[in-house]
Amino acid sequence: KAGVTQTPRYLIKTRGQQVTLSCSPISGHRSVSWYQQTPGQGLQFLFEYFSETQRNKGNFPGRFSGRQFSNSRSEMNVSTLELGDSALYLCASSLERGGAYNTEAFFGQGTRLTVV
Amino acid sequence: AQTVTQSQPEMSVQEAETVTLSCTYDTSESDYYLFWYKQPPSRQMILVIRQEAYKQQNATENRFSVNFQKAAKSFSLKISDSQLGDAAMYFCAYRSLTSYGGATNKLIFGTGTLLAVQP
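Top to bottom, those sequences are chains G and L. Position one of the first sequence corresponds to residue 1 (our numbering), numbered consecutively onward. Position one of the second sequence corresponds to residue 1 (our numbering), numbered consecutively onward.
Isolated chain G, as found in the complex:
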């Protein structure tokens, strides 16, 4: 079955612009999480969505936002881009059913964002 799909794979933006990244989870997965990976800060949790509701949020400024659609696809948006937003953005999806918490996170290949 198809894995987690992130689009686009690479993106170059200018400071001050905004960007939208997309994540399509594995079919049937309702939980989607986003992470930012940089050489300096490592992997940091951005937010988590489940059934169109934000369930958890990391310590990022309000310029970072996200949403999840009824088909579980998720988007994250970064407004007023800064040079420090250059990073690999990873999306992960998980299957949750009937309160079962024993779920594995499957990651996409990421979107490499470069802000110039």
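Derived by calculation from the structure, the hints in this document are not laboratory data. Where is the CB? At the ideal position from N, CA and C, for every residue including glycine. Check each hint, because a few of them may be wrong.
Said to hold, decoys possible - Here's a subset of chain G near chain L, in silico, CB distances under 10 Å, partners left out: (1) G3; (2) Y35; (3) Q37; (4) L43; (5) Q44; (6) N56; (7) G84; (8) L88; (9) A92; (10) S93; (11) T103; (12) G108; (13) Q109; (14) R112.
What the hints assert, rightly or not - Some chain G residues judged to face chain L by a derived CB distance under 10 Å, without partners named: (15) S33; (16) F45; (17) E48; (18) G62; (19) S94; (20) F107.
Once you've looked at the hints, dock chain L against the given chain G.
For chain L alone, coordinates are given in the frame of chain G:
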């Protein structure tokens, strides 16, 4: 807040030999999950092995096994019979069972260990 520490930024192992990657964590929770993820140059994170904190038995997946010491809050990964394809960045990760009374899939990662495999 939970934290995960990987004190070995880089490790090297000869092909066919055994290597152990270290991970310690800090938490006040009694139930949680621990994971080792592998990130090759392709950047896709791949789950290597998972350990539930309530299970005393150490998890094993083929050539990969863990040494889970709950009291010491230690979770090391042993790779036996190392292969060239094992070369990658390895991340230790922690996941709470719940967050604010609800489920969560949020992962807290360590800083990673870059493993090189010498032929």
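Hint check results:
The closest approach between the C-beta of G3(G) and any C-beta of chain L is roughly 8 Å, which is under the 10 Å cut-off, so the hint is satisfied. With 10 Å as the threshold, the beta carbon of Y35(G) comes within range of chain L, its nearest partner Cβ sitting at about 8 Å, so the hint holds. Taking 10 Å as the C-beta cut-off, the interface hint given for Q37(G) holds, the closest approach to chain L being about 8 Å. Interface hint status for L43(G): upheld, as the beta-carbon distance to the closest one in chain L is roughly 4 Å, under 10 Å.
With its C-beta approaching chain L no nearer than about 8 Å, Q44(G) sits inside the 10 Å limit, and its interface hint holds. A cut of 10 Å between beta carbons decides the hint on N56(G): the least distance to chain L is about 5 Å, and the hint holds. Residue-level restraint check for G84(G) is violated (minimum Cβ-Cβ distance to chain L is 18 Å; threshold 10 Å). Taken as an interface hint, L88(G) checks out: its beta carbon lies about 6 Å from the nearest beta carbon of chain L, inside 10 Å.
Hint status for A92(G): holds, given a least beta-carbon distance of 7 Å to chain L, under 10 Å. For the restraint placing S93(G) at the interface with chain L, the shortest Cβ-Cβ distance is roughly 9 Å, inside the 10 Å limit, so the hint holds. The interface hint given for T103(G) holds, since its Cβ lies 6 Å from the closest Cβ of chain L, which is under the 10 Å cut-off. Against a cut-off of 10 Å between C-beta atoms, the interface hint on G108(G) holds, since the closest Cβ of chain L lies about 7 Å away.
Taking 10 Å as the C-beta cut-off, the interface hint given for Q109(G) holds, the closest approach to chain L being about 5 Å. Because the closest C-beta pair between R112(G) and chain L is about 8 Å apart, less than 10 Å, the hint holds. Hint status for S33(G): holds, given a least beta-carbon distance of 6 Å to chain L, under 10 Å. Restraint check, F45(G) versus chain L: the minimum CB separation of about 5 Å is within 10 Å; hint holds.
A distance limit of 10 Å between C-beta atoms decides the matter here; for E48(G) the minimum to chain L is near 6 Å, and the interface restraint holds. The interface hint given for G62(G) is violated, since its Cβ lies 19 Å from the closest Cβ of chain L, which is over the 10 Å cut-off. Hint on S94(G) holds. Least Cβ distance to chain L is approximately 4 Å, under the 10 Å limit. Taking 10 Å as the C-beta cut-off, the interface hint given for F107(G) holds, the closest approach to chain L being about 4 Å.
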